[in-house]
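Undergrad: Residue strings, one per chain:
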Amino acid sequence: MGKALYEKIWEDHLVLSQPDATSLIYVDRHLVHEVTSPQAFAGLRVSRRTVRNPKKTFATMDHNVSTRTKDFSKTEPTSRLQMETLANNCKEFGITLYDFQHHDQGIVHVIGPELGITQPGMVIVCGDSHTSTHGAFGALAFGIGTSEVEHVLATQTLQQQKAKSMLIKVEGQLGFGVTAKDIILYIIGRIGTAGATGYVIEYGGGAIRSLSMEGRMTICNMTIEAGARAGMVAPDETTFRYLKGRDFSPKGKEWDQAVHYWRTLASDPGARFDKAIEIKAEDIEPMVTWGTSPGQVTSVSGQIPDPEEFANPVERTAARNALAYMDLQPKTPMTAIAIDKVFIGSCTNARIEDLRAAALLVKGRKVHPQVNAIVVPGSGRVREQAMREGLDKIFVDAGFEWRYAGCSMCLGMNDDQLKKGERCASTSNRNFEGRQGPGGRTHLMSPQMAVAAAIEGKITDVRKFLKN
Amino acid sequence: MPYTISQVSIERQTMEPFKTHTGLAAPLDRANIDTDAIIPKQFLRKIERTGFGVHLFHEWRYLDYEGTKENPDFILNQPVFRRASILLTRDNFGCGSSREHAPWALADYGFKVIIAPSFADIFANNCVKNGILLITLKSSEVDELFQLVSHQPGIHFTADLSGQTLIAAGQQYSFSIHPFSKDCLLKGLDQIGWTMQFDKKISTYEQDLKRNKPWLA
Chain A
1 MGKALYEKIW EDHLVLSQPD ATSLIYVDRH LVHEVTSPQA FAGLRVSRRT VRNPKKTFAT
61 MDHNVSTRTK DFSKTEPTSR LQMETLANNC KEFGITLYDF QHHDQGIVHV IGPELGITQP
121 GMVIVCGDSH TSTHGAFGAL AFGIGTSEVE HVLATQTLQQ QKAKSMLIKV EGQLGFGVTA
181 KDIILYIIGR IGTAGATGYV IEYGGGAIRS LSMEGRMTIC NMTIEAGARA GMVAPDETTF
241 RYLKGRDFSP KGKEWDQAVH YWRTLASDPG ARFDKAIEIK AEDIEPMVTW GTSPGQVTSV
301 SGQIPDPEEF ANPVERTAAR NALAYMDLQP KTPMTAIAID KVFIGSCTNA RIEDLRAAAL
361 LVKGRKVHPQ VNAIVVPGSG RVREQAMREG LDKIFVDAGF EWRYAGCSMC LGMNDDQLKK
421 GERCASTSNR NFEGRQGPGG RTHLMSPQMA VAAAIEGKIT DVRKFLKN
Chain B
1001 MPYTISQVSI ERQTMEPFKT HTGLAAPLDR ANIDTDAIIP KQFLRKIERT GFGVHLFHEW
1061 RYLDYEGTKE NPDFILNQPV FRRASILLTR DNFGCGSSRE HAPWALADYG FKVIIAPSFA
1121 DIFANNCVKN GILLITLKSS EVDELFQLVS HQPGIHFTAD LSGQTLIAAG QQYSFSIHPF
1181 SKDCLLKGLD QIGWTMQFDK KISTYEQDLK RNKPWLA
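Sequence order for the protein chains is A and B. Letter 395 of the first sequence, counting from 1, is numbered 395 in our numbering, and no numbers are missing. For any residue, its number in our numbering is found by taking its place in the second sequence, counting from 1, and adding 1000.
What the hints contain is simulated information worked out from the structure, not anything from laboratory work. Given the structure is predicted, the values throughout are model-derived calculations rather than measurements. Possibly wrong hints are sitting among the right ones.
Said to hold, decoys possible - The list that follows gives simulated cross-link-like pairs (lysine-lysine, BS3-like), each with its CA atoms no further than 30 Å apart:
{"no.": "1", "chain 1": "B", "residue 1": "K1138", "chain 2": "A", "residue 2": "K275"}
{"no.": "2", "chain 1": "B", "residue 1": "K1213", "chain 2": "B", "residue 2": "K1200"}
{"no.": "3", "chain 1": "A", "residue 1": "K8", "chain 2": "A", "residue 2": "K244"}
{"no.": "4", "chain 1": "A", "residue 1": "K164", "chain 2": "B", "residue 2": "K1182"}
{"no.": "5", "chain 1": "B", "residue 1": "K1046", "chain 2": "A", "residue 2": "K164"}
{"no.": "6", "chain 1": "A", "residue 1": "K55", "chain 2": "B", "residue 2": "K1200"}
{"no.": "7", "chain 1": "B", "residue 1": "K1112", "chain 2": "A", "residue 2": "K162"}
{"no.": "8", "chain 1": "A", "residue 1": "K55", "chain 2": "B", "residue 2": "K1201"}
{"no.": "9", "chain 1": "B", "residue 1": "K1187", "chain 2": "A", "residue 2": "K162"}
{"no.": "10", "chain 1": "B", "residue 1": "K1201", "chain 2": "A", "residue 2": "K3"}
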């Protein structure tokens, strides 16, 4: 019987196979950042252990870096301590670090692919749930906790139990103004935030195949929001084209050897999945969240649901709580919701393609006077590329603030935060209570939709602009 | 970049073996409680594993940002539930961010057992590393327990890991747990030490990698 992509990678990485106890899988690349690693390095020291493979470990600073300045002395003291701690740990254990002031610094899930560290067929882990992003390359990539970070540092392996497999096929052609972000929001809305718990999802079908690597990354990135361990897309010519010539991509004879292997990874015809879902691309519209969980989502042409109409009592309570927190009334059209802030950024949507699409819409228009809007590129390289193309100027001329790279307002660990009661159109991945700042209210959407909201001062159907 | 040396000595917490636990059960009747709610981002800047309990559920537990005024309506602030060590909650508990600060905060506060119809994947792994027993029961059983706690606030439950049972008001609920997770909890196992006994296998794997996939080695 044919094998699925996930099974192939799983079997290729088994160091120890014990289905009834635990298996050990080999970790090809380990990405590290300042927030979830200090206790792991400290643990190594206390136990007198060391980093087994420093060359397979890469570190950067992203979660709490300032996006306003590169002046380290102006960094908030506790954030600075975490950054210093990471720098010292990397120095002590011989790990490559893209520090705060490094040219290639950026969000860990943006720089991994950009530098070619991320490759098909790998197992990649990081102490961050959005590690699922790297699955876009046909890698098995997932987030781990700090104890597991320590485990990987010490052993280059991870104790794992095999997950179940799910195939989500998106067939057909995406409608006008519909993006990868809308696909994944639609999927989460349909299967729920725990709909894929215990599964690894493989995405397939024509609509996925025709996406760029950036689009595939957006989808795999938010796969964690459906509860899945990982999301993945089989590697193809789009993947190889993206990787060719990048800093850490294989070179020369090894490149040919690698591509030969990568071509064997796609799921075989007849591969068995524990669950399969088929979605018609034509059914997907631009999507916006209305609640405090990514599954509380509707199309921009829709309206806020009435909690009393939910049959399931747990969902009903959740919707009531969400509307109270969001200060929204049932049956309000989505396009009637005024916003205060716009955030274009995060590991979901801060790659060059996202900024290009956003800038294209911004050009010749102005940010609404009531709105404060920021653009935070995903990495130093994305920022530079955008500036070479003059995108920064387009944003600034329209009234956006143009920032340095970092996680920024996606989770508000630095000083980019919503104030209590502020409402934000955000290209990030989580609309949890307080996520972007205590008391802040988040509506998740695509970069294009965020631009439309910035211009109109309220949630707006981007297709209106695209038609002009 | 002008780094200063800021060496901080950090004591590693060793995991205590988990056998049985009897404790006060508190009901937190919400689904999809995410790790941002369990421990908000402003408390993640520490470089230690300890001291997170005071910030557990910060946004719900306190009325002010600084955490000086308790919210009397929040369930864990109600006198009868103050010393709870068993948390009863709903679906998909621990979703979102992978931050292990969430189980650190729960354990530091005093929670030993969490009962829900489902848990998020990464959170569940993190709990095993921190001696917290997660008990997954059917939704209907969780409903029963919520009713029980609302009729008898202050009731104690007993979780028996070896027997894989939860006992509440004489009623016995059995739960399943992966044998390896069970073993880790029962023994308070140093999981890195456990893996290191397979060092030879790891080295063999790495040698094969050099031969077969040199670009990965």
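Undergrad: Check the hint pairing K1213(B) with K1200(B) against an upper bound of 30 Å on the C-alpha distance.
TA: Roughly 19 Å separates the two Cα atoms, so the pair holds.
Undergrad: Do the alpha carbons of K1046(B) and K164(A) lie within 30 Å of each other, as the hint requires?
TA: Given that 30 Å is the threshold and the Cα spacing comes to 36 Å, the pair is violated.
Undergrad: Mind checking the alpha carbons of K1112(B) and K162(A) for me, to see if they're no more than 30 Å apart?
TA: With Cα atoms ~27 Å apart, K1112(B) and K162(A) stay inside 30 Å; holds.
Undergrad: Does K162(A) sit within 30 Å of K1187(B), going by the straight-line distance between their CA atoms?
TA: Holds. K1187(B) to K162(A) sits at ~23 Å (cutoff 30 Å).
Undergrad: Within a Cα-Cα threshold of 30 Å, do K1138(B) and K275(A) meet the stated pairing?
TA: Distance of about 21 Å is within 30 Å: holds.
Undergrad: Are the Cα atoms of K55(A) and K1200(B) separated by 30 Å or less?
TA: OK: K55(A) and K1200(B) at ~20 Å, within 30 Å.
Undergrad: With a cut-off of 30 Å on the C-alpha distance, tell me whether K55(A) and K1201(B) pass.
TA: holds, 20 Å
Undergrad: Check the hint pairing K164(A) with K1182(B) against an upper bound of 30 Å on the C-alpha distance.
TA: holds, 21 Å
Undergrad: Can you confirm whether the C-alpha distance between K8(A) and K244(A) stays at or below 30 Å?
TA: holds, 23 Å
Undergrad: Checking one constraint from the list: CA of K1201(B) to CA of K3(A), max 30 Å. Satisfied?
TA: holds, 25 Å
In summary, the structure is inconsistent with hint 5 from the numbered list given earlier, while agreeing with all the others.
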